[in-house]
Amino acid sequence: MARKRRKRRSEPTASDSGKSAQAKNCDTSADPGQARAISSGGDTQKSAAARNAQARFAALDLGTNNCRLLIASPRPSGFRVFDAFSRIVRLGEGVGESGALSDAAMARTIEALKICAEKIDKRAVTRQRCIATQACRAASNGAEFLERVREQTGLQLEIITPAEEARLSVAGCVELFDREARAGLIFDIGGGSTEISWIRPREGGKSENGAATDIAAWTSLPIGVVNLSERFGGREMTDAIYKNVVEAVRKEIAAFGDPAGMKGVFRDGGAHLLGTSGTVTSIAGVHLRLPRYRREAVDGIWLNDGDVRSVTDRLRAMTYEERADEPCIGLERADLVVCGCAILDALLLEWPSNRVRVADRGLREGILVGLSRAHRREREKNRRRRRRRR
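The sequence shown begins at 47 in the working numbering and counts up one residue at a time.
Only pairs whose alpha carbons sit at most 16 Å apart, straight line, appear in this in silico EDC-like list of lysine to aspartate or glutamate:
#: 1; residue 1: Lys309; residue 2: Glu396
#: 2; residue 1: Lys297; residue 2: Glu396
#: 3; residue 1: Lys289; residue 2: Asp359
#: 4; residue 1: Lys160; residue 2: Glu197
#: 5; residue 1: Lys289; residue 2: Glu396
#: 6; residue 1: Lys160; residue 2: Glu193
Beta-carbon label-pair distances, calculated as ranges:
#: 7; residue 1: Arg423; residue 2: Asp167; range: 22 to 28 Å
#: 8; residue 1: Glu204; residue 2: Pro373; range: 33 to 39 Å
#: 9; residue 1: Pro398; residue 2: Asp260; range: 18 to 24 Å
#: 10; residue 1: Glu193; residue 2: Arg431; range: 33 to 39 Å
#: 11; residue 1: Ala153; residue 2: Ala294; range: 29 to 35 Å
#: 12; residue 1: Asp359; residue 2: Gly310; range: 26 to 32 Å
#: 13; residue 1: Trp348; residue 2: Arg277; range: 29 to 35 Å
#: 14; residue 1: Glu193; residue 2: Pro337; range: 39 to 45 Å
#: 15; residue 1: Lys297; residue 2: Gly145; range: 21 to 27 Å
#: 16; residue 1: Ser123; residue 2: Gly145; range: 44 to 50 Å
#: 17; residue 1: Arg422; residue 2: Arg401; range: 31 to 37 Å
#: 18; residue 1: Arg277; residue 2: Pro122; range: 43 to 49 Å
Calculated from the structure, these hints are not laboratory results. Just so it is clear, the structure is predicted and the values come from calculations on it, not from any experiment. Just so it is clear, CB atoms sit at the ideal spot from N, CA and C, and this is done for glycine as well.
Work out the full structure, taking the sequences as your base and the hints as a guide.
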């Protein structure tokens, strides 16, 4: 008897925000109403903690495949998440062939963004940043689409550069970097691009903005799970085609050489990979054989290269329908995940490591970190002004 197909892998919603990707040590257990009550009282003499509690940030990441929102307030140990939203919209579907965003993809995305706008308004957000990545960068009508988004939702999205995308990705997950390692490679496999950043521990301690690592080099490949699946096919892929995909991606990675001079550290086992993407979190969930995707079980888990390849072999051996029935993949990722495995396979061949750490956090968390720093700078500036008036 055929199993009932799951529509999608579990995605965070307003009632499920504790399972969403979030910054380290986020407290998602508090009742949002209570949190608002804490931040609503007092006068000009309220404590710094109470003033900080008034801040509520929104981070929106519109990618080639997903539309994601996270609403949170800063806390000393990270962020308290109030609301989260994630929907697969496939905005970049067909861009590789036509060069433009399709009407259907834009309509799907605007409907998701309307929900995001409602959540931002409902949660009384004080600071927000909304970004768009590769699909809008590559499409001839990307800027036109974002103007339409502004008119229909009120949201103002900015198309960020690949450099900024890599920086935000690192900022969002670098807390999971092993401080005992001599180097690391952070990768973010997206729908339309893959960002790779080589990092090392910062000499002399943390920087002024609190960073304990330096980005030694980075690159962005215009290769992601959506455009690869459209090019090579994602539902069913023969062994020969899979090997061709891996080799094509590996050549793209190899073309950048050793920009940070870290090959020797990787060969000696002094470095590890840190992955943030739907591909690597899906692999982790399948490896753990989770009956339902759980962020807390996946975020921070260590895999070795054998674990990764074992799951990859399992997924490649499955039919499209069998992958769709996997609870940590679902119908909406079933035709994409094998291409994601190919990208990770190529990375491990070019930058071999027996340690891969999984991060269920990324661009949104990187945005929150930046908003929090801007908030602290403004508070300090206002504090100095008050002192001068006395």
